[in-house]
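Kindly produce the complete structure, drawing on both the sequences and the hints.
Going down the list, the protein sequences come from chains W and R.
For any residue, its number in this note's numbering is found by taking its place in the first sequence, counting from 1, and adding 3.
For any residue, its number in this note's numbering is found by taking its place in the second sequence, counting from 1, and adding 4.
In case anyone wonders, no lab produced these hints; they're calculated from the structure.
Idealized CB from N, CA, C, for every residue including glycine.
Here are the simulated DSBU-like pairs of lysine-lysine, each with C-alpha atoms no more than 35 Å apart in a straight line:
id : chain 1 : residue 1 : chain 2 : residue 2
1  : R       : Lys549    : W       : Lys421
2  : R       : Lys524    : W       : Lys66
3  : W       : Lys381    : R       : Lys465
4  : W       : Lys174    : R       : Lys584
5  : W       : Lys608    : R       : Lys465
6  : R       : Lys548    : W       : Lys403
7  : W       : Lys381    : R       : Lys340
8  : W       : Lys608    : R       : Lys459
9  : R       : Lys459    : W       : Lys334
10 : R       : Lys426    : W       : Lys608
11 : R       : Lys549    : W       : Lys413
12 : W       : Lys219    : R       : Lys225
13 : R       : Lys340    : R       : Lys443
14 : W       : Lys403    : R       : Lys526
15 : R       : Lys501    : R       : Lys514
Anything over 10 Å on all C-beta distances counts as not near chain R; from chain W, calculated:
id : residue
16 : Phe24
17 : Met205
18 : Ser282
19 : Leu640
So the derived list for chain R, only partly shown, Cβ under 8 Å to chain W, looks like this:
id : residue
20 : Trp224
21 : Gly228
22 : Thr230
23 : Ser399
24 : Arg477
25 : Tyr527
26 : Ile581
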Amino acid sequence: MLQKFMDYLCKIDHGIVGICFLTVVGMYNRCCDLHYPNSVTFDEVHYGSVTTLYSSQRFHIDKQPPLFRLLLFNLFPNYFSTVSMWENIGKDFPDQFSPQAIRLLPAILGTLLIPTAFGVVLKLGFTVDAALLAAILVTFDNALVIQSRFMVADSLQLILVLLSIFFAVIKSWFCFVLSSIFIGLAMSVHLSSLALWIVIIMLALSKAWEICTDRKVSLAHGFGKGCLYIVSSILVPIFVLLMCTTVHLKSVNLSGPHDILMSSTFQASLDGGLKSDGSIVKYGSVIRLRATGDIPPYGSCYLNSIAQIYPLTHEDGRGSSGQQVVGCSYKASSWNVLHPTNFDSQNMEVRDGDFILLIHSNTNGTLNTHDVAAPVSKYKQEVSCVNLNEMHSPKMQTWKVHVVNTNGNKAWKNLHSKVLFEHVNTGFYLVVTGNTLPEWGLGSLEVATEGLDETGDCATEWNAETIPSSKKTSSYKIIHETFNNVVEYLGMTWFLSLQSGPDHRFASEPYEWPFGQSSIAYWYNSTTNAQLHFTGNIASWCGGILISSLLIINCILFALYQRRNHAIANDRLHLWQKSVYALMILGSAYVFHMAYYIIVVPSPKFAYQYLPSVVCLHMLQACALEVFYCYCERLALIVIFIYVASVIWCYWILRSITFGFATKCQEELEHLQLWQSWDLPLT
Amino acid sequence: MQSSLLFVCITFIGVTSRLFRINEPRYVCWDETHFGKMAGFYINRTMFACVHPPLGKLIIATIGLAGGYDGHFSFTQPGDTYYTENGTLLTPYIAMRVGCAIFGTLMISAVYCIIHTLTKSVGAAVLSSMLLICDVAMVTLSRYILLDPIMLFFMFASVLGVVKASALQTRCSKQDKSFTSYWWGWLVFTGICLGCTLSVKLVGAFTVMFVGAWAIADLWKLLGDTEMVSLQLLGKHFAARVLCLIFLPIAIYVGVFYFHFHILHQSSDDDIFYSSKFQSTLHGNLLHKKSMPMHITFKSSLTMRNTLIEGMFLHSHPHYYPNMLEQYSQQVTGYKIRDGNNWWNIEPVIQQAKKLMDNVPLHDGDLISLHHMVTNKSLSVVIDKNEKWHAAPISYWNSMVASISRQNSSGNDYKNWKIELKALQNRSSGICAVDCVFKLVNVAARCCLFASLKKLPGWGKDQYEISCYHGRRYEQGCWWHAEEVLPSSNAATTAIKPPSFLTNLFESHKVMFHLNSKLKKKYGDRVSKPWHWAVNYKPQLFSKKEDKLYLTGTPVVWWINATAIPTYILFYLCVAITRKRKYHLKRDQNLKIKSKSILQNNCICCNEIILNACFVGGWCLLGWCLHYLPFFAMSRVLFFHHYFPAHVFACMLSGTLLDCFCKTLTEWWHSYLKLSPLTIHQSLMVTIIGVLFHNFYLHSHFCYGST
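Shown next, in the form of structure tokens:
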């Protein structure tokens, strides 16, 4: 055993020395001077302020799953006791809290990227030299360096992604499960790891195919093992993601700022969250009406009425005299459920098919709709509140309750039932249209009525949250099942990650990333004129694209050559197989990750989101360079030498904005504008 | 012989099913309002903006013209009747519908030929085309004035072409018909049809991919054939495909656009989408044949327009920005309509007084100030007392731009703008109207005048934001050109140079993609989702509500398709694994297939029919995926009819699989039942077709309406 290990050491001796040296260099450029700048920088403000919500155990949700924040809080709980520390960018850290400690975690993870990248290239079957080359490119990438030096999630995601690739290329089922666990963890840090998950699933499929068609094992055995690969690649990451979310939800069990986004049943499961009178809505109940599902742009939508009439008349001269009914994202107002004729029928349960009146508690207006066009959607009917008098008999404002999920019991259950409201006179249904009202609506959503469509679908289903009347003291609480909660939480995270935000000065489009044409200003000190900018190492980014495309062309040409039945030396064939395998894994990881940002993610997008692709690109180009070395040794050696030198040179040039050195004058920084499109210096 | 007879029968049944009661309903249905209207535009020669390339609408216009449509009927909205109250026909809509229906039928004939060529089995061809004929949705989609039947025809005609061409190539050198006139004919036919597909709708790009994949597979086969195919021959094959499948379609596509620009030359409301130069080519437009001063001078009055799509004019009006301490900053906005408030006077900055003569043209790098003609205020970056700039109302990282009273002397430097010509333009001669594109740089604030496509809130009267941009990244919003320039006396005038054809082509594509990106879906809209389509989840209303005409599939057809796809994948895996594991592919005497015995004896019944079905099915599945899966990634509004190219591929797959299934069954039953194979096979086929017809009959009221 020991002997074997020693042999192994001897075999990669210069590799060991080299990687140790590079790791030390990486450690130095990622971990030195972490206390500078001694103020909150760029996205730290986001991670910091969200993480503080853990200290009060209050419920919160973000665009990304919680693993990184969970880790931060559990390692450094005292950093997140007050919000004021993380209020805004540029705010200095208080004396007793040095940023060094908290930034050390991402910095160390970022350093670990170097040996991991080395390992991946080695495991892909390439030589130690290629692996060292990959490690050099990772060490001297300004983007990877600056992103490891702050309290942001990227380096955690990157190391998890790389570990997942590392274990996926080892030929053993156990390692494959490890890889699935890591990709699950990576997804619990950032949803963009979904792209790599697809690569892992593809890998599982190809492994299953290999085993199934291997004549040495019996079909039944091969089939079973193949299924095991596929199932573990799909189920294990999902399980890990669910577990992380469960831990998150367990540690934030108090009602908090983001309650409102979640469904009524979810809110009821939080301590101090929604409380209600009883399980069934009765005549006389006071309820809030919430549209179920995620409604853009805010996520939640409550039925509300404002004591103002609609300030518009339509082209046909018609307008409404009723007061506005709108949807808003907060718990604005409550509604009284009454029987349309028999006002004494208090405490009778409302059931599917019953008729009701809905009275707005604050203004005593009755919910009504009539054949006037809605304010924005001209082909739908306007909804308004009117006062009951002779002109408006209650009969005109009657709504019929349709419970969608009856489950045999026809009662209108508080929180649980999804309900449609049909206006009896017109036969139209109450919906949220998805339009935002013009300026007079102050950002509220339009509520209107429309007919059912061909399949009897209605756009909006509502559910009720009853409000306890003051007389009763005992309150009723429903514990939503944990699994449903976790799934709903992840669904909401996904929904939030798909909402576009406001435009940003440093936002960029994915097509600008491969050549590093976008820069982001992180921090700026007006006295010393020290500036921190996120920029890629132009040499290795552009070079990587070029070298990888050459590799693709080489692989295609080789395949054509082989097809012509030319005799091919065994080692060349082996080299080709290796490079196709590397392309399949690293190349598709690169492409899928880019596709995720091009297709799925809405703007604003930022250049640091390109980093997972960059790491794959660095490893791929190292593999490609080895292939070229095998073709033309001397020339390739010279080219590689020049290339590495230029990469390090580029790193050296850009170091002053990567580390934020004080500069004497603006011209010094203007000199660093390697691309026209870079937005520096900051003035 | 048998196959030709059946081909004629299929075509006949197709035509009958599509033309039956084609005059109903007697009003504009669904998207007829668009394509009928656009056919009218072609006849009236009015320029318009649309998301689709022109060929489909040109064909409809041609049919309409032949039928006597004069372009007067306007197809305003769905539900408009084609007849007057006393029953006279307003427009020959039947001719246009019949034209489309014929295209829809020819598509089925093409499918018949494709499957017959690929599988060499009449049964598969008949089944595939019967699935299409008996599909209510396909009938509905083919009966109206729509682009879809035309597009579908060209799509499957191009697939037919490429399939026929490679069927002519064989390994036996005596029978190999490569480079014969037949072969060239089919290849050229493919190229033409591909070009036409792309010129009808841009989803034709997926068909281009399919045909491309087929051609690559073809070449790959030739490449591996080292005995028969020399490298030189291979080169010829490659060149022929590049010529016919790449250059020919491009030529057709460009040609169609040339024709389009040639026909349309009248101005309309859609002019706003196009650039000023483009507008100057349209009759009836303000800029048409307008003569302009050759150069902009230091005393010109002009309007300035941005080069963005739907570019707006630099506009100012006597309203102030809300919530501002500096009280007298008048709004500067972007406005899309020609208006008196768009006019500005150029004045030189004082230092350059010597240039005060009228006719000195402006040059690159000159400093000017701009004064709003109506209110006589000058364009300026807004600063406060400490000379810090104000943030713009929406793009808060830009600074605010306003018109400020000329007497207000503070911050005079911020009223000076430097003209910087866009690179690649002739810098020596002065700045001209329309042609010259320039940036206006505020020297004191170091930013440039910037138009964004962001609408201001209510106080901005729904106009667009104009601000001053400090960065360098998004220069698209920074480019301006002068549109109208008031002619000063004794200045040389010139007409606007008409843009070249390629510029027009490029610009109309920009407009197409811009319009397409505006079609976004949102919550509450009744649009269908891609997963609805494959299972025929939701019907789509085509007529007025009371007539109940829907786009919805015949259930049996869609069930068969929905099961055929997973079945095929399983089937393929089984075949691939058996082949890969090298189980003997020999014919079992008794044709007893029991899974256990297969595994033990390493032997399976796997004959030519199955292998061929596997091959053909694979291509159909590829076609289905290529025409279906991309829709999952699209963010625009989607409709059920987007699925139909994929649906045809699915029908081809089901037809092939069903035929293979029938033949295998026939072989089994033949040994058990002791009937002749022909009888069994034919009775099976008749049963399937009977079921299809019956189901079609049951649901035909969705396409023909109930009597």
